[in-house]
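Just so you know, the sequences run in chain order A and B.
Counting from 1, position 127 in the first sequence corresponds to residue 127 in our numbering; the numbering is continuous, with no gaps.
Counting from 1, position 267 in the second sequence corresponds to residue 267 in our numbering; the numbering is continuous, with no gaps.
In short, the hints are calculated from the structure, not lab data.
Hints should not be assumed to be uniformly reliable.
As the list claims (entries may be wrong) - Straight-line distance between alpha carbons at most 30 Å, and here's what the computed DSBU-like set of lysine-lysine pairs gives: (1) B/Lys-210 / B/Lys-182; (2) A/Lys-89 / B/Lys-315; (3) B/Lys-173 / A/Lys-138; (4) B/Lys-121 / B/Lys-233; (5) A/Lys-89 / B/Lys-173; (6) A/Lys-138 / B/Lys-182; (7) B/Lys-258 / B/Lys-121; (8) B/Lys-49 / A/Lys-89; (9) B/Lys-233 / B/Lys-158; (10) A/Lys-138 / B/Lys-49; (11) B/Lys-49 / B/Lys-258.
Given next are the chains, with one letter for each unit.
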Amino acid sequence: MSHETTVPETARADAVGTRDEATLRPVPFRGGGFVHRPLGPVAPIVFLAILALWEIGSRSGFISQIALPAPSEAFGALVDLATSGMLWKHVGASLYRLFVGWTLGSLLGIAVGLAVGLFSLARAGLLPLVSALFPVPKIALLPLFIIWFGIGEGSKVATILFGTFFPTVIATYAGVDNVDRNLIRMGQSFGLSWLSIVRKIIVPGAMPAILSGFRISASIAIVLLVAAEMIGAEFGIGAYILMAGALFALDQLIAGVALLSVLGLCISWLIGKAEKRLLSWRA
Amino acid sequence: MFSFSRRTFGVLAFAGAVAFTTGAFAADKINVGILSLTSHSPSIIAEAKGYFTEQDLEVEFISFQAAQPMAVAIASGDVDFGMTAISGGLISLADKGVIKIIGGALQETPEIEGQKIIVSKAAHDAGVTTPAALKGRSFGITTTGSSFHYMAHKIADKEGFDRAEIHLKPLQKVPAVIAALKSGQIDAWSIVPNIAGPLTKGPEVVEIGKIADYIDNYQVTTVFTSTANAEGKQELVKRFLAGLSRGIADYNAALVDKSMSEEDIAAIVAMIHKYIYSDQPIDKADPRIRAGAMRINENAVLSLASVEDQLEWFKSEGLVPEGITMDKLVDTSFVETR
């Protein structure tokens with residue numbers, strides 16, 4: 001969008017005076033631009049440059065070792081974790097909690113979200129409840145969760161479930177609300193049954209919003225993982241990070257945080273794949 | 001976090017020295033970290049009674065929720081002195097050369113009621129009536145490398161079963177451990193008497209033993225400061241400890257030995273109430289402050305044997321770097337040791 005826009009400036013000035021001439025002039029192409037080009041190598045370069053600067057800063061003593069450990073130390077902690085076999089125990093325990101909590105939370109969230117989107121009674125009854133409970137910090141309820149769900153897997157899964165449920169409800173009903181009414185009216189004109197309209201028009205139409213809700217709820221689930229593993233967790237990435245914090249072992253702390261980031265990238269990639277598949281009708 | 005390198009410290013120390021020579025009458029300002037526990041009362045008493053002012057110190061208290069952030073704040077230079085249990089975090093920071101233990105505080109002594117081992121009613125009914133029966137049971141701790149972790153393992157060691165056979169449940173905070181114990185989610189815990197007392201009065205929790213039977217002369221908490229203070233401002237550290245020692249003497253006389261007059265004790269409880277249990281009216285807080293006070297070492301005497309035993313335990317569990325030595329952890333030049 002750079003040079004195409006500068007040409008019409010002079011053309012417009014001429015056009016005011018000599019209209020006849022202007023009609024004969026070729027119209028320059030004004031489209032294009034505002035499109036992202038894929039620049040594959042940029043992201044890794046930025047990432048590596050930051051790591052290199054950080055490493056140099058740590059080695060030279062510019063970054064104090066009580067403020068931040070060198071990335072090589074954090075990597076060393078990660079290697080220790082992998083060679084001791086604990087990495088899989090921690091990752092496995094966390095993935096299980098994430099998977100069960102997020103899946104249940106999302107399924108319930110979509111169900112309630114659809115109900116709120118489709119039925120006036122559900123909307124009147126449930127929406128205020130969702131609004132009231134969504135902002136309650138789940139971490140504040142941890143002592144209660146211990147009593148309700150125990151200190152086993154129950155309270156950890158429940159923390160993630162509650163964390164993902166509410167954003168999914170909101171994303172889903174907002175998606176249902178935004179489905180093109182003309183499409184619904186068209187379906188009605190063609191005599192589709194209510195169920196067919198929901199299945200073939202409303203759910204696919206709300207899918208983009210639901211999937212972008214998934215991106216948010218999956219990130220919230222990872223954030224809540226650390227909170228969930230505060231309660232009696234022996235293994236798990238969150239438990240590992242908390243332990244490292246309590247021992248002030250900063251290399252392990254950064255290693256744990258890096259694991260969470262990688263987990264976030266993987267989930268985002270998976271959701272990207274799901275978007276391509278489920279939203280293929282949009283292209 | 002604000003990082004505090006030696007170089008910047010040197011600059012500040014120089015600036016401080018210049019300021020000192022120009023304005024010699026200004027009292028030194030220090031920040032003292034406290035937790036809302038009665039064991040932190042000595043510095044509060046010393047401040048309220050003017051013992052710090054006598055030492056030409058202007059004290060500001062900074063409240064923390066847990067020992068770990070306090071240790072980090074001392075390392076960063078935001079807080080000058082603190083008093084907490086020896087935790088893995090504190091030792092790691094000492095290994096990095098930023099903080100040092102300079103004195104002893106709370107200690108288990110034979111004649112005063114000390115920390116208790118308590119179990120849930122369900123566990124008690126199931127036969128856990130002595131600490132020996134804790135084998136294969138769950139034990140609540142706040143975090144890995146906390147004093148609770150140490151106590152649990154010391155019980156296992158003395159009762160002769162493997163440390164792994166006492167199942168530790170990290171629950172992060174004391175209230176969470178209490179909730180888990182009351183509801184029977186965990187079997188056992190060990191805690192200072194002023195928390196254990198109210199718990200065992202209820203029907204859900206039963207006392208089964210004392211920590212003093214498992215750990216000799218347990219130095220529960222210590223006084224610590226930044227290495228920069230211990231090495232560069234020895235005069236300041238000595239003055240702080242002198243003021244603190246008078247506070248400790250008053251605390252012991254008022255709450256442990258109860259050798260003061262009732263009026264004086266009430267006055268001291270009122271001072272403590274400004275910072276501890278301050279969310280409750282004084283008539284409710286008063287018994288809680290008085291109950292189960294444990295002795296704090298006169299003149300902040302430090303039990304080196306106990307500190308060494310704790311350090312060895314941390315090393316044996318691989319919770320702290322291998323290379324840490326007693327010299328790195330403790331500066332013995334300020335108080336008497338035993």
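Now the hints, each set against the structure:
no. : hint                  : in the structure
1   : B/Lys-210 / B/Lys-182 : 19 Å, holds
2   : A/Lys-89 / B/Lys-315  : 23 Å, holds
3   : B/Lys-173 / A/Lys-138 : 16 Å, holds
4   : B/Lys-121 / B/Lys-233 : 52 Å, violated
5   : A/Lys-89 / B/Lys-173  : 24 Å, holds
6   : A/Lys-138 / B/Lys-182 : 21 Å, holds
7   : B/Lys-258 / B/Lys-121 : 33 Å, violated
8   : B/Lys-49 / A/Lys-89   : 54 Å, violated
9   : B/Lys-233 / B/Lys-158 : 42 Å, violated
10  : A/Lys-138 / B/Lys-49  : 43 Å, violated
11  : B/Lys-49 / B/Lys-258  : 18 Å, holds
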